[in-house]
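Engineer: Chain residues, written in single-letter form:
2 protein chains.
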Amino acid sequence: MTHEFDLIRTFFQPLSQVATQDIGIGDDGAVLSCPSGQQLVVVTDTMVEGVHFPLDTLPEDIGWKALAVNLSDLAAMGARPAFFSLALSLPESKNHQAWLKAFSSGLRHLAEAHRVPLIGGDTTRSDRLTVTVTAHGWVSAGQALRRSGARPGDGLYVSGYIGDGALGLMAVNEALDAGAYAGALQKLNRPEPRVALGGLLVGLASSAIDVSDGLLADIAHLLEASQCGCEVDVSAVPYSQAMQSYLAENAQAWALPLTGGDDYELCFTVPAEKEALLKERTRHLNLSITEIGRITAGTGAVLKNAPKGVQTLEHLGFQHF
Amino acid sequence: MTHEFDLIRTFFQPLSQVATQDIGIGDDGAVLSCPSGQQLVVVTDTMVEGVHFPLDTLPEDIGWKALAVNLSDLAAMGARPAFFSLALSLPESKNHQAWLKAFSSGLRHLAEAHRVPLIGGDTTRSDRLTVTVTAHGWVSAGQALRRSGARPGDGLYVSGYIGDGALGLMAVNEALDAGAYAGALQKLNRPEPRVALGGLLVGLASSAIDVSDGLLADIAHLLEASQCGCEVDVSAVPYSQAMQSYLAENAQAWALPLTGGDDYELCFTVPAEKEALLKERTRHLNLSITEIGRITAGTGAVLKNAPKGVQTLEHLGFQHF
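Sequence order for the protein chains is L and B. Quick note on my numbering: the first sequence kicks off at 10 and runs consecutively. Quick note on my numbering: the second sequence kicks off at 10 and runs consecutively.
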């Protein structure tokens, strides 16, 4: 085992630049100053090899994604990412310079793009690679986006394209031609957390969630927290060209993008009187924002334009609704 | 697998009571208010079964210890524990009511004693139990205790007894009579983080560290950060009755308590002019505070009253000094 202190110094210390009055890696803990008028948002996500990503995932992609899924959670809360800690449990087979260099460079790439320093963590031995990131952000006091604010009449929106993560995972699992699924694989391995969108939605969206469990499952979480229902127009859900091509040839797989996970898009609701403002604020984001339904006073999700016989989430096997 | 949401609701939601303006478990992240004039302290520690605790450790002890080692890090920074998140990677063999109930009750026991709510986290499948806690505390701005403030002439102190964790681990590994080592086993499995002491040391200690890697190793960390040396009087290091008895019969094991880990005591330095105040402030703590040496202008640690031929850490095989 590379000695823990050497490993931290070589690969992780370079990611740890914090403000001068603050303390990063190297003490028993990190010390951070709180901007006045802000609340702290804390999110934690663990990725286990073979469970949350395929065993042959590149180390640079693992590094990127471990942080990306956490920044996606911060985005769903409307928080500006501020700093993160990393708990890395490393099997002997990966405890070498090449793996650590690649892992830390993927992590660094995304961390620098969002200017979030690594403030500390823990490095341990294990026989299964396990990466836990706890990310912290700031949001104006009382302004955090939540799952529970959707109200009847609100529009239901989603960012980007849905289903490419699931398509990418299928391509890996079934060893399909990587070239033909490059976009989907990129989405699976290097999701772009919707941080800028999350920030713009503060004061605008009535509720938000990031799409990680699958679009319909995450809509279900949102409705459960908000205690309301919705209509989802399945034909309005935005798909990439690759997804459209795939569904054109595999019509029976229509539910794959709706139930597959790993989208890391935002799903959110906006009161009717603010929908024009949504369009205006998000026009320059270079990210499609699509209305896919509307919140209702009911308690379930009604699926419009789904194949015959499928009108509710229960028809797709959802239990928790 | 118990469904993740059920598992969280049943076993972890009860630990999540936060202040009314804050948001705990149940959204994409937790939202916490920052007390004015305070800095945030963040610490992370991972425990992997078979690496950081023996495979047959009781689940309630694992739950306790996973939080305790983090509160110990907060104590070393002088921070008041505020809240924590939990990333639990759970093998199928432990994914049942009895194990989860015991684990969460041990965790809860310590969390309630220190009034720290669980604010969120992640629960994943794995084939090796891995528990990562990220704990957060508050400290008056600019007042955090650090490793780097020791100066020549400062007294070197340690709390409690040293070596019982190592003695307990030896008793487990060598299957010694548990009854005869009950105190040491208690120390190994249920360490008491020195939170009250850490708070009292703010404005008093010039540096501090928690003793987790072994007393001499942690002194070495402290000296390295402070860029100074020290004399340690080995005969002054405080041992429990059990440790004294063990050493009386195993004189060759004299270095065990000095190099073994899992003490979770605080080691700290106090400027000479504040040593009387230290005595006064800590008198009512019900915790022994022992002077074991003094900081010097050198760059190494000189061991006094050690067995013949051992005068420095290098003689004990320390590389990083």
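Think of the hints as simulated: they come from the structure by calculation, not from any bench. One or more hints might be untrue.
Selected chain B positions facing chain L (in silico; Cβ < 8 Å) [said to hold, decoys possible]:
no., residue
1, CYS43
2, ASP82
3, ALA85
4, LYS110
5, ARG117
6, MET179
7, ASN182
8, ASP186
9, LEU209
10, LEU213
Here are some chain B residues the structure puts well away from chain L; computed CB gaps all over 10 Å [as the list claims (entries may be wrong)]:
no., residue
11, ALA96
12, ASP136
13, ASP242
14, PRO247
15, SER254
16, ASN314
Here a beta-carbon is modelled for each residue, glycine too, at the ideal position from N, C-alpha and C.
Engineer: Return the numbers of the hints above that this structure violates; sort them in rising order.
Structural biologist: 4, 5, 6, 7, 8, 9, 10, 11 and 12
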